[in-house]
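Asker: Sequence:
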Amino acid sequence: MMRKKSVSASKASLVLFLCQMISALEVPLDSKLLEELSQPPTITQQSPKDYIVDPRENIVIQCEAKGKPPPSFSWTRNGTHFDIDKDAQVTMKPNSGTLVINIMNGGKAEAYEGVYQCTARNERGAAISNNIVIRPSRSPLWTKEKLEPNQVREGDSLVLHCRPPVGLPPPIIFWMDNAFQRLPQSERVSQGLNGDLYFSNVQPEDTREDYICYARFNHTQTIQQKQPISVKVFSMDSLNDTIAANLSDTDIYGAKPVTERQPVLLTPTGSTSTKVELRGNVLLLECIAAGLPTPVIRWIKEGGELPANRTFFENFKKTLKIIDVSEADSGNYKCIARNILGSAHHVISVTVKAAPYWITAPRNLVLSPGEDGTLICRANGNPKPNISWLANGVPIAIAPEDPSRKVDGDTIIFSHVQERSSAVYQCNASNEYGYLLANAFVNVLAEPPRILTSANKLYQVISDSPALLDCAYFGSPKPEIEWFKGVKGSILRGNEYIFHDNGTLEIPVAQKDSTGTYTCVARNELGKIQNEVQLEVKDPTMIIKQPEYKVVQRYGQVSFECIIKHDSTLLPTVIWLKDNDELPDDERFLVGKDNLTIMNVTDRDDGTYTCIVNTTLDSVSASAVLTVVARPNPPFDLELTGQLERSVELSWIPGDENNSPITNFVIEYEDGLHEPGVWHYQTEVPGTQTTVQLKLSPYVNYSFRVIAVNEIGRSQPSEPSEQYLTKSASPDENPSNVQGIGSEPDNLVITWESLKGFQSNGPGLQYKVSWRQKDVDDEWTSVIVANVSKYIVSGTPTFVPYEIKVQALNDLGYAPEPSEVIGHSGEDLPMVAPGNVQVHVVNSTLAKVHWDPVPLKTVRGHLQGYKVYYWKVQSLSRRSRRHVEKKILTFRGNKTFGMLPGLEPYSSYKLNVRVVNGKGEGPASPDKVFKTPEGVPSSPSFLKITNPTLDSLTLEWGSPTHPNGVLTSYILKFQPINNTHELGPLVEIRIPANESSLILKNLNYSTRYKFYFNAQTSVGSGSQITEEAVTIMDEGKMAMASRQVDIATQGWFIGLMCAVALLILILLIVCFIRRNKGGKYPVKEKEDAHADPEIQPMKEDDGTFGEYSDAEDHKPLKKGSRTPSDRTVKKEDSDDSLVDYGEGVNGQFNEDGSFIGQYSGKKEKEPAEGNESSEAPSPVNAMNSFV
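In our numbering, the protein residues as written are 4 to 1190.
In short, the hints are calculated from the structure, not lab data. The C-beta atom is built at its ideal place from N, Cα and C for all residues, glycine as well. Take the hints with a grain of salt, since some may be wrong.
The following label-pair restraints were derived from C-beta to C-beta distances [what the hints assert, rightly or not]:
#1 T630 x D597: 21 to 31 Å
#2 R381 x K460: 39 to 49 Å
#3 R381 x G334: 24 to 34 Å
#4 R59 x N583: 48 to 58 Å
#5 P679 x K730: 14 to 24 Å
#6 Q646 x P679: 13 to 23 Å
#7 P679 x E648: 19 to 29 Å
#8 D597 x I1067: 56 to 66 Å
#9 T630 x G334: 50 to 60 Å
#10 D589 x P679: 42 to 52 Å
#11 K460 x E308: 51 to 61 Å
#12 S41 x P168: 48 to 58 Å
Sequences are here, hints too, so could you generate the full structure?
Answerer: See the structure below:
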């Protein structure tokens, strides 16, 4: 790989020539090498061949050349030596061949006109410049001439000639008036290529006296002005008036009116012409025609097409312009001028000639002694150019002989060159249209190898990418190059390496193990040299989390991630772009370490965002698109078409959907006549539809608006459409929801929902209300009422059916005949009570009541059901009265029985039954008394164990709060519990019902006992209550223990007891948690295992509800637990359906009257539970109290 070095200006040109060498030996662009190598001279800068100079300024003729050693310069003028030392006005710049001719200090530019040529020479040859023709520019004045006014008839053609003076270079022509304003040009009036101003036909407005032609000479920056030209156009009317004033009445006079004329070409003249143009120039062809109306110009190429991309039309198509012409553009071009009267045409035969142009220009040769080479000079042109050779500026035929050189036409062949063969050769290709001159040197060098790449240069590349290690070299003959890896490595060969001709070693896919030192060796017959370079292979930069496509709502927030991974020795820079341009200068854009966040997103933020990560060695990027969505813009341009009495077509233009497709349009209307300012829903259509046929109602002043809907939401409503008032008509529909319900026993209240404003269909909306008694041969009674929604009919019989109808009408007529509905006049309270009330007691808590239905005529209203009132009179076990609290059960429909749940056992109740209608309740039936049988009692209210001794305990208890019958006895069961919580044998004692305490004797000392205690009636045992207690320790043994060593005072014992206490505390907490979760612990499991086998739940008997207890109540209770004192009977199963049970006051019924609610009767307030018993002061009881 070649390294670019900055070089001085004196070496830059030499570099250009060295780059043109075609032999195997090339000179690298190395400034130090270039300074040391000998080079023949080469012209690097010269003035143009045709050099027009400003006669007022100094003439500078450039000639710069480079070579080693630096060349000397000389000039010829008009073919002879130009001795600049003899002309004081001429100097040559130091170290240059550029001439400066001093004109500003008295010199005359005309004196230095001529053909100049520069020669640059050093010991290795001579180079020459082109022939430079020096001519001073000229801007002569217009010759004075007397210009006659141009008088022309309207419609005739006219040409105003400019005829500018001949200048060098030719001037630029333009036409202006006295105010220096350009004259307007058109298809009718235009300027030709020769500068003349052409009028296809003149008009009266063309009359003026200041048509001025200007010529601008760019070299001298001067503008020359022609004398103003006057043009006067005579119209036909004015010309006739003039003739009439000068002729008698008998003379025949009168100018012809303006007549139209077919086209005639003003330029070029004739039917054909020729044009020669040089290859590469711009071809300009012109046709300007006269005629009225103004002709239109068209161009064609006979037998071909006008060249595409190079053809242009100018000057209102009057000029055909073809750029960069070639021989293929030769041919006949026809211009056709046409108007409505005819056409004219002209054919221009174009021939494209060519000055000489290069096919192969000669290139510099750098050869080693003994090598061969060629100089080739090939050129083309029309006609074909002549090729001639010069050596060091002298025709080769008379140049010094060189045995290694042979001329063969356009080629010079060199064989076995020597250092004396160095020279500069010139190739001249010329024909009648010009010439080409090219210098090419032959430089024969003998140099030992040199390596130009810096020593120990460090190369860094990315893994899996190519690595190019430079070994720029030079030597003559051309050295051979070899590469080694490592200090003692072997020569590199194989397909994994590429060896370039310029010495560069390429590793196509560099890996981590490619890192190391590489040595380049260059050798030829004159010597050998080597150089080392270093290669480091880096990990590639990667974007491991690329930004992703985002859709965000307007004014929201969005973030793009760009998380990178890179080589630790490289410093990455992250750049964010929007649409391949810099991010907007906006504080809403927040660039973080790994992300880009855009706050308060707007529509302008829509686009593609690119994350670019750059290091000194690589660059990666990833892009994502941000789509900003929002509610659509409102539709606009609402238009009503096809207006009919009952329909109209509405169309609109959708607003911008804001990147979220419109799903549907909602059409709303406003009734400006009845509800101005209130918008109602009309209909909606799919988002692809922009017209809709709308159904209309009469007598409505419609305005419409449209709302667009997309996934984001609804747009703002559009601007309202124009208003459209529909004609009035009779109503199309009658009121809805017509009902007839009496509010009093002697009236009928007829109600309906009034028509809305737009349903009235016209002014004067009223209602015709009609009624008659059903199943009675009566005529309809009718009344017309105003726009109300209720009418009351008075004096009706109580609760009789009526046929009712309500019809709408307005000033234009009636609505269609309405349908009839059935209503009833007002209700009254029922007249009689249900009879034959019977009660069947099912069990101690449930009874079934029966009654006979009342006659429907006595109900005097809609039968809603029956209500059963019942209440407890007294408890049969206590004979005490308390506040009576009645309970009510309602049974819907025409039922004749029901169930009374939740009764208290062994109690006296009363009940009565009443019929219910919409007005209220009828009279009550006579009170019916019934009693409930005994049940099992609740648990004793408390159990206390006191006065513990060595072998006895005292038990005290309270009677059950709810005995539910006559108590027959108490059952006490107890059993010991040993230290391992195992239960001993169970002992049972029956106690008379009138006892409230008991002393248990003959117990074991220091023993824990568990007690189970419950009451009994004739029905069975009630719920039990449990307690635990401990007898005290034997004092004699305690005294004996006291005589032993008091270990309680020992430190180790105290520490052990503290640890045990802490462990017990932890176990208690765990047990408490498990207990709350429903788990069992060992004591409870053992209690369950020794449960009283005699305690069994009661079973149902003969299909009636039996008394029962929860199964858990029959297991030994946990220590310290209490059972509820109120053991009421719960229903487990029954043959009766739920519909047999009544509902509370707030209960609900199905339409068929069936019960769907829950029992909600009021219950008497029960006394508080019995007191809990106290326990013996034992450690276990203390623990239970803690839990």
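Asker: Against each hint, give a clear statement of whether it holds in the structure.
Answerer: Do the hints match the structure? See the list:
1. T630 x D597: 21 to 31 Å: 22 Å, holds
2. R381 x K460: 39 to 49 Å: 42 Å, holds
3. R381 x G334: 24 to 34 Å: For G334 against R381, whose Cβ atoms are near 28 Å apart, the range 24 to 34 Å holds.
4. R59 x N583: 48 to 58 Å: Since R59 and N583 have Cβ atoms about 52 Å apart, the given range 48 to 58 Å holds.
5. P679 x K730: 14 to 24 Å: 20 Å, holds
6. Q646 x P679: 13 to 23 Å: 21 Å, holds
7. P679 x E648: 19 to 29 Å: 22 Å, holds
8. D597 x I1067: 56 to 66 Å: 58 Å, holds
9. T630 x G334: 50 to 60 Å: 57 Å, holds
10. D589 x P679: 42 to 52 Å: 46 Å, holds
11. K460 x E308: 51 to 61 Å: 59 Å, holds
12. S41 x P168: 48 to 58 Å: 55 Å, holds
Hint compliance for this structure: no hint is broken.
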